[in-house]
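Given next are the chains, with one letter for each unit.
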Amino acid sequence: GAGVSQSPSNKVTEKGKDVELRCDPISGHTALYWYRQSLGQGLEFLIYFQGNSAPDKSGLPSDRFSAERTGGSVSTLTIQRTQQEDSAVYLCASSPDRGLNYEQYFGPGTRLTVT
Amino acid sequence: TQLLEQSPQFLSIQEGENLTVYCNSSSVFSSLQWYRQEPGEGPVLLVTVVTGGEVKKLKRLTFQFGDARKDSSLHITAAQPGDTGLYLCAGDHTGGFKTIFGAGTRLFVKA
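Line order of the protein sequences matches chains A and B. Using our numbering, the letters of the first sequence map in sequence onto residues 6 to 120. Using our numbering, the letters of the second sequence map in sequence onto residues 671 to 781.
Think of the hints as simulated: they come from the structure by calculation, not from any bench. Worth double-checking, as some hints may not be accurate.
With a cut-off of at most 25 angstroms between alpha-carbon atoms, the simulated DMTMM-like pairs for lysine to aspartate or glutamate come out as follows [unchecked claim]: (1) B:Lys768 <-> A:Asp29; (2) B:Lys768 <-> A:Glu19; (3) B:Lys740 <-> A:Asp102; (4) B:Lys768 <-> A:Glu73; (5) B:Lys726 <-> A:Asp102; (6) B:Lys727 <-> A:Glu108.
Covered stretches of chain A (chain B as the covering partner; in silico rule of three or more C-beta atoms under 8 angstroms from a C-beta of chain B) [to be verified]: (7) 58-69; (8) 109-120.
Ideal Cβ placement from N, Cα and C applies to all residues, glycine included.
Pulled out of the complex, with its shape left as it was, chain B reads as follows (with noise of 0.2 angstroms):
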């Protein structure tokens, strides 16, 4: 079975604080997508990685590949209420039609 398991399930931060996430998996994926979700909305696409060790930034986010693209992880500098929400990470194998994803990290930042 393939699972990617994410790292917190919860968090709760007050604003202004750093965190990071982790999606982890014994599995070699082609590519992975950070995904967030606003309640009553479906996920938004964040960014998608597909090269082992691949660094990309989106204001105060930063997403990372691992090397052997196993695994992956979300950091947040000085977090905002308005990064409220619930993080999923997402794998796809090469010629595979099936994507996974993770249970999600729900994070919550007081102001």
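The following block holds chain A by itself, in its conformation from the complex (with noise of 0.2 angstroms):
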């Protein structure tokens, strides 16, 4: 079946311009997680999206970053006034409930350089 999507794969924008990712989650997962990887490095949780609960965005680094998911499916994480420090690969994972099966299913990100 199809996994999770992203896009674009590969975006390039000049500071202080916006920018929008999205997330197209594996079709009746509840739950959707947006990550960023920083080269060579492992990845540091941004949000967290589960059903119609309030999203945990205790990971978002400042309030130039914002995420929504609509309908419970597809989600955008917006980026604004881009920084060079935001150039980053930003992953999206989804997962079909927070029971006992945390195990979650990834895209192949989203690549963004800010010049």
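Hey, can you piece these two chains together into the complex? The hints should help.
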């Protein structure tokens, strides 16, 4: 079946511009996560959505970052007034349920470069 | 702060050698996962361990969860170039929403 998809795969933007990154989770998965991965590093948690509950935004690094999840499916991560330190790969993952099944299924990521 | 420390950070070995990668924390986890990530792709789940002392095998890979559920190891027997990648461990706490990821071990297996 279809996995998690993300678009665009690559994004180059000028410092100060806004960008939107999109994530299409696996159909039926109720949990959705956004992570940031700098070159050669591990994953930095950004935000988590579970069903209709209020999202866990505790990982967002600044108020320039925001995310939405419409209709419990597609999610958009928005970065306003981008800075060079925002350059990274942004990964989205979905999970069937928080129950005992914590496995996350990742998309290929969006590589963001801020010039 | 809940941290997962992975060691070594980088490992370069010859094909056929054995290796062990470690994942350690001062926190107790309800479950722990190992992922492998190849360049340009997202991490792919290898295994989930949930019981203290649990051992799981996946072909040449052996995963162990510590008795106290604070640490884990990944052992690869007779490594092959196809094992090259970034190995990430990740832990969850009961009732928690945020999965904690380690910084990863970058493995390079030379033919």
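Checked hints:
1. Of the supplied pair hints, the one linking B:Lys768 and A:Asp29 holds, its CA atoms being roughly 20 angstroms apart against a limit of 25 angstroms.
2. Distance hint between B:Lys768 and A:Glu19 is unfulfilled; the C-alpha atoms sit about 32 angstroms from each other, more than 25 angstroms.
3. For the proposed pair B:Lys740 and A:Asp102, the alpha carbon gap of about 24 angstroms is at most 25 angstroms, so the pair holds.
4. At most 25 angstroms may separate the alpha-carbon atoms for a hinted pair to count; B:Lys768 and A:Glu73 meet this at roughly 18 angstroms.
5. As the CA atoms of B:Lys726 and A:Asp102 are separated by approximately 23 angstroms, the hinted pair is consistent with the 25 angstroms bound.
6. Taking the CA atoms of B:Lys727 and A:Glu108, the gap is near 17 angstroms; set against the 25 angstroms cutoff, the hint holds.
7. With 3 residues carrying a beta carbon less than 8 angstroms from a beta carbon of chain B, the region 58-69 of chain A meets the three-residue requirement, and the given coverage holds.
8. For the region 109-120 of chain A, the stated coverage by chain B holds: 6 residues have a C-beta nearer than 8 angstroms to a C-beta of that chain, and at least 3 were required.
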